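Protein chains: 2
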Amino acid sequence: MAEAFALRCLGCGREYPAWSVDYFCPHCGFPGGSLEIVYDLDAPPHPFPNHANFSLWRYEALLPVNLRFAPPLRAGSTPLYAAPQLAKALGVRILWLKDDTLQPTSSCKDRGTAVAVAAARKLGRHGLCCASTGNAAASLAGFAAASAMPTYIFVPKTAPLPKIAQLQAFGARVFRVDGTYEQAFSLALAASDKFGWYNRSDGLNPMVVEGNKTVSFEIWEELGDVPDAVVVAVGDGAVIAGVCKGFLELAQAGLVKRVPKVFGVQAAGAAPLAQAFHRFRGGKPLLPAEGPATTIADSICVGKPAAVVPAVKYVAKTHGDYVTVNDAELIAASLELARKAGIFAEPSGAAPLAGLRRLLEEGLVSQNDRVVLIITGSGLKAPQAVLGHLPEPPIIPPDIQDLSEVIKACS
Amino acid sequence: MAEAFALRCLGCGREYPAWSVDYFCPHCGFPGGSLEIVYDLDAPPHPFPNHANFSLWRYEALLPVNLRFAPPLRAGSTPLYAAPQLAKALGVRILWLKDDTLQPTSSCKDRGTAVAVAAARKLGRHGLCCASTGNAAASLAGFAAASAMPTYIFVPKTAPLPKIAQLQAFGARVFRVDGTYEQAFSLALAASDKFGWYNRSDGLNPMVVEGNKTVSFEIWEELGDVPDAVVVAVGDGAVIAGVCKGFLELAQAGLVKRVPKVFGVQAAGAAPLAQAFHRFRGGKPLLPAEGPATTIADSICVGKPAAVVPAVKYVAKTHGDYVTVNDAELIAASLELARKAGIFAEPSGAAPLAGLRRLLEEGLVSQNDRVVLIITGSGLKAPQAVLGHLPEPPIIPPDIQDLSEVIKACS
Numbered sequence: 014m015a016e017a018f019a020l021r022c023l024g025c026g027r028e029y030p031a032w033s034v035d036y037f038c039p040h041c042g043f044p045g046g047s048l049e050i051v052y053d054l055d056a057p058p059h060p061f062p063n064h065a066n067f068s069l070w071r072y073e074a075l076l077p078v079n080l081r082f083a084p085p086l087r088a089g090s091t092p093l094y095a096a097p098q099l100a101k102a103l104g105v106r107i108l109w110l111k112d113d114t115l116q117p118t119s120s121c122k123d124r125g126t127a128v129a130v131a132a133a134r135k136l137g138r139h140g141l142c143c144a145s146t147g148n149a150a151a152s153l154a155g156f157a158a159a160s161a162m163p164t165y166i167f168v169p170k171t172a173p174l175p176k177i178a179q180l181q182a183f184g185a186r187v188f189r190v191d192g193t194y195e196q197a198f199s200l201a202l203a204a205s206d207k208f209g210w211y212n213r214s215d216g217l218n219p220m221v222v223e224g225n226k227t228v229s230f231e232i233w234e235e236l237g238d239v240p241d242a243v244v245v246a247v248g249d250g251a252v253i254a255g256v257c258k259g260f261l262e263l264a265q266a267g268l269v270k271r272v273p274k275v276f277g278v279q280a281a282g283a284a285p286l287a288q289a290f291h292r293f294r295g296g297k298p299l300l301p302a303e304g305p306a307t308t309i310a311d312s313i314c315v316g317k318p319a320a321v322v323p324a325v326k327y328v329a330k331t332h333g334d335y336v337t338v339n340d341a342e343l344i345a346a347s348l349e350l351a352r353k354a355g356i357f358a359e360p361s362g363a364a365p366l367a368g369l370r371r372l373l374e375e376g377l378v379s380q381n382d383r384v385v386l387i388i389t390g391s392g393l394k395a396p397q398a399v400l401g402h403l404p405e406p407p408i409i410p411p412d413i414q415d416l417s418e419v420i421k422a423c424s
Numbered sequence: 014m015a016e017a018f019a020l021r022c023l024g025c026g027r028e029y030p031a032w033s034v035d036y037f038c039p040h041c042g043f044p045g046g047s048l049e050i051v052y053d054l055d056a057p058p059h060p061f062p063n064h065a066n067f068s069l070w071r072y073e074a075l076l077p078v079n080l081r082f083a084p085p086l087r088a089g090s091t092p093l094y095a096a097p098q099l100a101k102a103l104g105v106r107i108l109w110l111k112d113d114t115l116q117p118t119s120s121c122k123d124r125g126t127a128v129a130v131a132a133a134r135k136l137g138r139h140g141l142c143c144a145s146t147g148n149a150a151a152s153l154a155g156f157a158a159a160s161a162m163p164t165y166i167f168v169p170k171t172a173p174l175p176k177i178a179q180l181q182a183f184g185a186r187v188f189r190v191d192g193t194y195e196q197a198f199s200l201a202l203a204a205s206d207k208f209g210w211y212n213r214s215d216g217l218n219p220m221v222v223e224g225n226k227t228v229s230f231e232i233w234e235e236l237g238d239v240p241d242a243v244v245v246a247v248g249d250g251a252v253i254a255g256v257c258k259g260f261l262e263l264a265q266a267g268l269v270k271r272v273p274k275v276f277g278v279q280a281a282g283a284a285p286l287a288q289a290f291h292r293f294r295g296g297k298p299l300l301p302a303e304g305p306a307t308t309i310a311d312s313i314c315v316g317k318p319a320a321v322v323p324a325v326k327y328v329a330k331t332h333g334d335y336v337t338v339n340d341a342e343l344i345a346a347s348l349e350l351a352r353k354a355g356i357f358a359e360p361s362g363a364a365p366l367a368g369l370r371r372l373l374e375e376g377l378v379s380q381n382d383r384v385v386l387i388i389t390g391s392g393l394k395a396p397q398a399v400l401g402h403l404p405e406p407p408i409i410p411p412d413i414q415d416l417s418e419v420i421k422a423c424s
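Protein chains in written order, with this note's numbering: chain X, 14 to 424; chain U, 14 to 424.
Simulated from the structure, these hints should not be mistaken for laboratory data.
Only a predicted model underlies this, so the values are computations on that prediction, with no experimental measurement involved.
Worth double-checking, as some hints may not be accurate.
If chains are identical, the list can't say which one is meant, so a pair holds when it fits in one copy or spans any two.
List time: in silico DSS-like cross-link candidates among lysine-lysine, alpha-carbon distance up to 30 Å [as the list claims (entries may be wrong)]:
(1) Lys421 <-> Lys101
(2) Lys326 <-> Lys270
(3) Lys330 <-> Lys297
(4) Lys421 <-> Lys135
(5) Lys297 <-> Lys317
(6) Lys170 <-> Lys421
(7) Lys135 <-> Lys101
(8) Lys207 <-> Lys421
(9) Lys270 <-> Lys207
(10) Lys326 <-> Lys101
(11) Lys135 <-> Lys270
(12) Lys330 <-> Lys270
(13) Lys135 <-> Lys207
(14) Lys207 <-> Lys330
(15) Lys297 <-> Lys326
(16) Lys207 <-> Lys317
All chains, please: the whole structure from these sequences, using the hints.
Here you go:
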């Protein structure tokens, strides 16, 4: 079954045979989220999952590329934890955390990268590229290194050098573009066209959403069912598009009877998708979204999200919604997640916890719903965003009596 | 079979029933590596592995604590990758990398922590403690948070505040001791005695080595056999002790016919165990080891290793050895590992790669040996140690012609 798919334009609906187009519709060039990959789901995929494989390739039967093209790093199969301490703090009955930070480069982006790099290998491309400074670029650089493929990363010249250095450590060629992020994105696209590199940029490459959707397959497999609600942070929209698509495909294939509501959480200072979703729900046409972008959660600080159409339409199909949270809530959520679940996430990774509080307040999620929060990126990627807010611990003499006094005073 | 064990003093050899002693021999108080846990291995353990469990608890039949006491985070079951690019660069036939960074707190220490926290739960202890600033403390703090157990960490007052902040994020109570590391270690021990906390300190708690040994079970299970040589970085000695013990137990239980040679790699500036090993091989008695400690590889910067006896004697039993590498080699190895395998490790994590070069030069490992390098800690824990050495990438205008010129000039 793998590789039996068509490419459908999210704008005009035209379909193209598998592997005939890389990114945009050749007819209308619709820029709101590239092409979507569609399968014939009248018959359930088989084997699904393939228990012999311990990675996202266990879902090969619903992936566009064969396992034999998979890059050598293990993406997917991250743990799902019950979170009783957090459930109690939030007053919900059942809460799980999908720790998607436990991947080769410590973010959920490794799912999309794994499938995109497999596609590049299948297509015989001799180079990879993307425009990003964040988790997607680190992920591409790591998987490319393991696959012995040269990689070219385009970043705006304002990108912080420590983030760039990690890409260089993986051997990626980094170009700092004297312009905006949009200009870096356009240059990456022109370069992939001119040099034949395969472009992994989110919202451009339909393979990325295919990898991202496997997180939903895992949640379904681990629970033996789907939950009532799934909450995930949203930047450019490619991750939430994948989360929704995974559950929608499970339903189409007859493997589940219903889909969970999928909720997107954006930072209040960078919420163009939340705004686009609410305009669309209000009956307005869905246009490319753009807005200001300021938040400490750099992984979701996106002013012009590339995957606007699937990020809005797929969420609407699941009967989900979008909420926003401010930076103080993001920092508090990051600390609460560490303290009550033992997961140290970057602010965007903890955003679903802050978002769930908002969803409960607004009545969009009820206390009896069974909820999964997807934790998308490790706190080690940007520790100071959170850790700068903690007090210095006390200095004590090396004496058990003094220690006893300190402990007595604090308890 | 689980929990059927005895505690044996590494100094005087006296044995004690399971759970009757926590740390040191009550008879001789031997300080060179606490007690060792011994099993009756006349009959092979069963089920081993338990395929229903995807964590180190699949080896419950050779662990001292039952799965039902396991803390909620998933330790173990990390990937083993073939590394053809590195094999080629080093001129060895077969090379694998065990990526032990893919654990809940991004280091191999999570294995020992998982079993130690399980033991604390079994014993009904109401608090956890350790002396460390590094990966062991972060690991304990994370697992304690997930287990809703209070944790007390003792660090010398010179410990860097960013490392401490991560412990605080997990809700650990951190005490900065106005004294040396040894004084912090002693205060932690006095505090665990006085307050009934369970002490996870490496080289003190025998449960830690039991968790650490599961990395060898995984290597055996994934390969369907044991390799010829296994290389791992060494700081206080508890990790290499576990690596050796795992293979030795597989042989005792009749599951493998031979044990691989286990090689320890120390930083040249902090090599007391390498020195102790070579003195011991030379026929001198094995004494507590001590020496200077200066290296950029902070996770193995240990001047007075606590687990000296098992770290020396177990390695000798496997017919392994110790080598040292300097800081420049550690930085180069970290970059080479990222570029040729897609794994970004901290300098200590990449030390086995530098060590393997030395082992090949010295003829201790041959080019036909099948070798496993254990990668013990993520590079995200201390990125500047490596990334500070990379050049700034070029700034280019947002123009495909200019890009073409730059690429032409560099290729």
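Hints, verified against the model:
Proximity of Lys421 to Lys101 under the C-alpha cut-off of 30 Å is restricted to the intra-copy arrangement: shortest distance 28 Å within a copy versus 60 Å between copies. Only within a single protomer do Lys326 and Lys270 lie at most 30 Å apart by alpha-carbon distance; the minimum there is 20 Å, versus 59 Å between protomers. When the C-alpha separation of Lys330 and Lys297 is checked against a cutoff of 30 Å, the pair qualifies only within one copy, where the shortest distance is 16 Å, while the shortest distance between copies is 74 Å. Taking CA atoms no more than 30 Å apart as the test, Lys421 paired with Lys135 passes between copies only; the shortest distance there is 27 Å, against 65 Å inside one copy.
Taking CA atoms no more than 30 Å apart as the test, Lys297 paired with Lys317 passes inside one copy only; the shortest distance there is 18 Å, against 69 Å between copies. In this assembly of identical chains, the alpha carbons of Lys170 and Lys421 lie at most 30 Å apart only when taken from different copies (21 Å versus 53 Å within one copy). For a Cα distance limit of 30 Å, the shortest separation of Lys135 from Lys101 across copies, 24 Å, qualifies, whereas the shortest one inside one copy, 48 Å, does not. For a Cα distance limit of 30 Å, the shortest separation of Lys207 from Lys421 across copies, 13 Å, qualifies, whereas the shortest one inside one copy, 69 Å, does not.
Proximity of Lys270 and Lys207 under a CA criterion of 30 Å is satisfied in neither setting, with 46 Å inside one chain copy and 57 Å between copies. For the homomeric pair Lys326 and Lys101, neither the shortest alpha-carbon distance inside one copy (33 Å) nor that between copies (48 Å) is at most 30 Å. Neither within a single protomer nor between protomers do Lys135 and Lys270 lie at most 30 Å apart by alpha-carbon distance, with minima of 34 Å and 41 Å respectively. Only within a single protomer do Lys330 and Lys270 lie at most 30 Å apart by alpha-carbon distance; the minimum there is 14 Å, versus 58 Å between protomers.
In this homomeric assembly, Lys135 and Lys207 come within 30 Å of each other (Cα to Cα) only inside a single copy, at 19 Å, whereas the closest approach across copies is 63 Å. For the identical chains of this complex, Lys207 and Lys330 are neighbours neither inside a copy (37 Å) nor across copies (59 Å), given an alpha-carbon limit of 30 Å. Taking identical chains as interchangeable, the C-alpha atoms of Lys297 and Lys326 lie at most 30 Å apart only when both belong to the same chain, with a minimum of 13 Å there against 74 Å between chains. For a Cα distance limit of 30 Å, the shortest separation of Lys207 from Lys317 inside one copy, 25 Å, qualifies, whereas the shortest one across copies, 58 Å, does not.
The structure is inconsistent with the numbered hints 9, 10, 11, 14, although it conforms to all the rest.
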